[in-house]
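Asker: Each chain, letter by letter, is given below.
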Amino acid sequence: MVVSELNQAGFERLLALLNANEDTLNNLRERLEFYFLRNRVPASDADRLTDETISRVTQKLAGDGGDENPAEKILNPRGFCMGFAWNVLHEYWRAPGRETVDPDQLPPSRTPSYNPAKLEQEREETILEQHRFACMRQCLGELPEKERGLIIQNCTVEDRGKLAEQLSLTLTALRIRVCRVRKKLRGCLARCLKKLK
Amino acid sequence: METQPYNQRLIVRYLLDDLPEEERLRFEDDYLSDHRLFEMMQAVEEEMIEDYVNDRLSEPDRAQFKRHYIETATSDRREKVEFARALIAAARVETPKPAPSWRAGLAHPRIPILSIGSALAAILLLVAASWLFVERSRLRQRLDLAHTEIARREQELQLRARELQRQVAEQGADNDRLTRELEDTQKQLARLRAESATSPQSSSQLATIVFPPPTLGTGSGAEQVLIIRPGVNSVRLVCRFHSDVFESSRAVVRPAAGGDAIWDQPGLKLRNIAPGRKAVVVNLPAYLFTATKDYTLTLSDTAPTGTPDKIDYRFRVVKQ
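Going down the list, the protein sequences come from chains A and B.
First residue of the first sequence? That's 1 in the numbering used here, and the numbers climb one at a time after it.
First residue of the second sequence? That's 1001 in the numbering used here, and the numbers climb one at a time after it.
No lab work stands behind these hints: they were computed from the structure.
Remember, predicted model here, so these are calculated numbers, not experimental data.
Glycine is no exception: its CB is placed at the ideal position from the N, C-alpha and C atoms.
It is possible that part of the hints are untrue.
[As the list claims (entries may be wrong)] Among chain A residues calculated to face chain B with C-beta under 10 Å, some are:
| hint | residue |
| --- | --- |
| 1 | Arg123 |
| 2 | Ile127 |
| 3 | Cys139 |
| 4 | Glu142 |
| 5 | Arg182 |
[What the hints assert, rightly or not] Listed next, the stretches of chain B that the computed footprint assigns to chain A, with coverage defined by at least 3 CB atoms under 8 Å from CB atoms of chain A:
| hint | segment |
| --- | --- |
| 6 | 1080-1088 |
| 7 | 1126-1133 |
| 8 | 1144-1154 |
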């Protein structure tokens, strides 16, 4: 895979396009990373592929990129990333030594993340699980009262639709609020686990 | 390009790799362009993972979830499952504090308003039932006491009625006796009156003393004796005079030894008792003379005409 460099002029134009659509670079990175992870790219490679995608987008926006039609207009300003991301993904899988495998075809003992030292891993996972629980309790305690109540209710309630109704929210609005609280908890959890290592 | 609206089910199918290729590419194109859709998808994924941990997924979804997120999971998916496990475990331990707004307070699943209302209603019902029971017992007691009191009063009244009847009967008997006595007495009185009317007046009924006319400078002269026998009920004291010495006199009888007068009678006139003889006559009941002793009759002048103011007559009463 050709590793592209970030083009400053193209980067500026990318930022302008994102701002025009009330979007941010961080959000774009998050979406791209999710896309690669969804398509079974290991986490260690997903970040790299995200950077590659953004670099290629900036090259395109700058007007050069080595493709056959340098004057090609971006017909879909909002959807242009998809094409670049798709290409990057398929180049990744076509790289020598790497094969795409349908998970249904894998035997139970073979997984993309198969680790031969399974026992040691299980022991470490048990300890990690205990740390994770302790850190989660701490992080929940650090949340503002409303957010804390919201996330706990969402986890324990039977019907989220009724919860949304009681809080005078649409289900979508409830989901997004809870999602943002989870992001806070993830960040807190990661910091807490890092201190315990 | 506006992203088309997606429902939760389609997102779940994408997350479980259950969408046809064309739909999958279209969805990926849309969420890469639309951060709100992307957040929605993330939320649906997290909910799906929590539903798996809480064992709320349908069986087909659960099987697919296990295959894509557990058995063949990438590290990021495993990380998400572990995060959900830790969050739910911590949430079950933590008790959410009541939210400031009343709306959030309504959202607590463990204390629905209906249960509070039912519990309060049950408590009120229990209190009311207890009060009614106590009140009923108390009223029953009062009723019993009232019945007992009425029975006692009835008995008393019956006894009293019998007593009164007995007294009435006794009084009736007394009345009969008294009536008979009265009749006897009246008969005796009538008989005595009849005897009195037919028989002449005798010294046995009237005792008389006649005092001679007083001489000048002296009183009544020699002492007279008045014998009062049983049956005598009147005494007559006759004081004779030669001339009109009084127009009107006053007669007073008292014991000679002193003491209160037993008789005091004013306005006595001289009477003609015989030709050339005048007298003052004093009639008084015999019972006034209670014992044998001396008495004094004093005649005093109320219209003096030159004669002495008073004249004293001494007499002895002998009671037999």
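Asker: With reference to the structure, classify each hint as holding or not holding.
Answerer: For each hint, the structure was consulted:
The interface hint given for Arg123(A) is violated, since its Cβ lies 15 Å from the closest Cβ of chain B, which is over the 10 Å cut-off. For Ile127(A), the shortest C-beta to C-beta distance to chain B is roughly 13 Å, which exceeds 10 Å, and the interface hint is violated. Because the beta carbon of Cys139(A) sits about 8 Å from the nearest beta carbon in chain B, less than 10 Å, this interface hint is met. Here the hint on Glu142(A) is broken, as its CB sits about 12 Å from the closest CB of chain B, past 10 Å.
Evaluation of the Arg182(A) hint against chain B yields a held restraint, the C-beta minimum of about 6 Å falling below 10 Å. Check on the segment 1080-1088 of chain B: 6 of its residues sit with their Cβ under 8 Å from a Cβ of chain A, so the three-residue criterion for coverage holds. Only residues whose beta carbon comes within less than 8 Å of a beta carbon in chain A count, and the segment 1126-1133 of chain B has 0; fewer than three means the coverage is violated. Residues of the segment 1144-1154 of chain B lying with their CB closer than 8 Å to a CB of chain A number 0, which falls below the three-residue condition for coverage.
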